[in-house]
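Chains as they are written, first to last, in our numbering: chain A, 90 to 750; chain B, -3 to 299.
If you are wondering where the hints come from, they were derived from the structure by calculation, not from laboratory data.
Even glycine gets a Cβ: it sits at the ideal position worked out from N, Cα and C.
Fair warning: there could be bad hints in the mix.
What the hints assert, rightly or not - Here are some of the chain A residues that sit facing chain B, going by a computed Cβ distance under 7 Å: (1) R119; (2) E121; (3) H122; (4) I123; (5) S126; (6) T127; (7) W130; (8) R132; (9) V134; (10) D136; (11) L137; (12) V139.
Residue strings, one per chain:
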Amino acid sequence: MEWLTPLTAVYAALITVPLLLLLYFLKLKRREHIVSSTLLWKRAVHDLQVNAPFQKLRRNILLLVQLLMLLAILLALAWPILSLVTGPGQRYVLLIDRSASMNATETDSQNNKSTNRLDTAKEQAKVFIESMRSKALFSLKDKSDQTMVIAFDNHAKVMCNFTSDKRQLISAIDAVTPGHDRSSLSEAVVVANAFAQPAGTEANSQSTVESAKLILFSDGRIRDLNQLTVGSDDLSFHCIGESGSNIAVTAMQARRLFENPNQVEVFATVANYGRTPVTCDVQLSLDNNVRSVRSVTIPPAKTDNGTESLSPGKIAVNFSLSETRAGVLEVRQLHADSLACDDAAWSILYAPESLSVLLVTSGNIMLESALKACPIARLEVCSLAQFDAMDNSVMGVEQPFDVIVLDNCLPAQLPKCRYLIFGQPPEGIDVSMPGQLENQVMVDWRPKHSILKYVKLDNIYAAKCFQLNLPRDAEVLAEFNETPALALVRRNGSVFLLVGFDVLETNWPFEPSFVLFCYNATNFLGLQTGQNRQINLRVGDPIIVEGLNPDITAKINGPGLAGMEVKPNSAGIIRFVNTSEVGVYSLNVPDQPLRFFAVNLLNEQESNIRPVRELVLSGQNISAQESNISRANLPLWPYLVCFALILAFLEWLIYTYKVQI
Amino acid sequence: MSPKMTTSRKRLTDLLDPEFMNRLDSLDFLSRKIMQGKLQGERRSKRRGQSVEFADHRPYVAGDDLRFVDWNIYGRLEQLFLKLFVEEQDLTVHIVADISSSMSFGEPSKELFIKKLTAALGYVSLVNNNRLNISLFSDGIIGQLSNMRGRNYLHKMADFLLTADCDGLSHFEKTCKQLSAGRIGSGINIVLSDFLFKENYDSALRRLIGKYYDLYVIQVLSAQELSPDISGELKLVDIEDTDIAEITVSTALTKYYKRNLNAYCNELKDFCTRRGAVYVLANSADSVESLVLNYLRRIRLLR
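Make the full structure from the sequences, and use the hints.
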């Protein structure tokens, strides 16, 4: 036990103890009371004094109790501390891992009680907060510890900025919720350093303020440790968790056969991270109806000799089913294990679709032939006059065509749809055309974009093309040497794929890439512009839906969400980022069919829940702390004050007993 | 009934209920000793005199009244003998009451109790034609009514008691000296006081104990003295001499007070018993009627 302010207590004692004694001697102001005779009272007093050997003590017991009470208060003023950690006030950053692997439950063999790793980490963090040093009473020079709380998975979230308010810090720790994402520490460290740096100082400058110490509560399964540069003195690692056995679905894909779209193939990989082989059932369900259950035996995990890293035992499971309708597929392993969020994976199955395309042209045999070569269910060809004669409102609302191809023609009005536009771009989509250019060669393109997948444009030459001035949000897919050649523009709920030249003015129709482009472009535009088809997501990936009316309000349902309302932005795009839990999310847009999104973990490293006791950062190893955090800096003054209060009560009791007959 | 009597009954009713007085009419004093009276009365005395009760014979001497010669004996023995009879004399009742300042203490006060008791005993004495002497004392005898006999003195007695106020120190020794020097004569002697005297009461009481007196000591204490109801840090002030005692009332102190009070009363009682006197402890909160009609009859002071 240490005393933080002993001198304060001594000074107070020098003043108060003589004062109490003085008051004790002065305090008796006796009440006058008339009696018939003092004869017997004097005899009684005399007898009392003579016959009671401890009468002095009995008379002074109130003084003794008061002295004890004063002593307790004086000791409390001396600020006694149990398990004192000395040194100036420090700054700490608590980094609490809330990734998927921290959801693993550990069974305590002694208590037979299951606890979540994240809860354990939060408990230890709270003990750390309780052990923070507070500023001593009446002390001007001491500083208290300051702590910041950051919860991280793939992204860092600041729960509480630097403060010494323990209540605020503990409520911030309580507010940390489990996530199902992977864990990445670099963003958390960057955020911590940014907050720890005093305002107005350069990041690299030597600051008088001591750098904050990072306290990491994690199971050590962090994927980007190699990118971190943190000194071993600056990071204290508390490893959470014991067990490592886990069964996880680490891969899943469902697709319809190209030859027979009614036939669905489902591929899944189930991994075993335990040391023993496990026989478990794998279940396939469609819309929560079990369609198939297969028993598999998964081999045990193996440790590579060279890297000593654990590679799980895996087994591939294939299912095949015949289904013409859309639905949500779920593959779930039924073996009970520590981590629940990786026991299942979902995939959204769409009904086999066929495209309907309208070609508006004054006659382009090349384009028409190329479109006919694509697997399009319905291809209609019309002239510009016929297109202008169509009912614009019906075209915009009912949308009888998935894609409208405009070949060198400028319609009077453009109903809401998805357009592939060859030649001059239409007005009203913020694309200006200052003039025409000649003799352009394709110099650059984005082969990874789904429109240009397998499309080679290296030999394309244009005798004439339009010079395009694109808006800032346009997506340029290919460029001539002086102007963009292919661009994707989204306006007013419509999507425009601009091809800034007449194909007959180029050699492109004679290249195989032209047919591939037409196939990709109609597929991309027809199936709601590519990205909308990204319905099988990873945890943390945003749900993006385009081409919506900006005035509507959609509702999202999913794990942990119930009817959350979202609104599209002015461009008609919904971007929902709160996909922190695995499961199936559904988006309900008014007057449109329900859209489903599957959010999966599917991460081998995150499913490996075996705790890592030694972190290998860039260049150095950091071992986990041997023991759990124990309570330090326990102030004893509240107990002393309680003792003083009890004594005050005792004094009152004694006084009452003495004066009452 | 004369107007004078009406007035006296009225004043006396300030102290005694008429109903209580009616019950007192049937009572009379009993004396444990045969004592000499002053006038002829209804009590046997040691004297030989005129009465109907034969006592003894004695030889005739010249000058004796020939009316008392027993002629029957002369007929048989031819000698002259005189018949002697027991003389019947009156009984004297002395009531010595304390009216010092301390008697005004208590709720109800000891003063009222003593005055009522004095009036009751005096009433019994007067209606039975006993001789009554009442002496009030504090620092010596401060008032005295002597040789009252008969109902006519009721008014005077009541007036005397009601006009006396409690005042002054109590000086019992001095009082007893004055009483013994006053030759008040033999009889029943009733002393009413709280006996809480700073001086010793032994020598004073010894003066009242003797073959001429049948002594009754009635100690009157208030309820507040018998069982004090006080608490806290107190400065006790003596009502008579303003003597001060500083006390912190505690259970232990109260216990010692009660023990001392008991010891004091028992000491007084032993003193009286050893000397043939009768000791009575009375609580001023109790009723005088009950004391007179029950207890004093039980100890055979009254019948």
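Next on the checklist: Hints numbered earlier in the text: which of these fail when held up against the supplied structure?
Outcome noted: Those not satisfied come down to hint 12.
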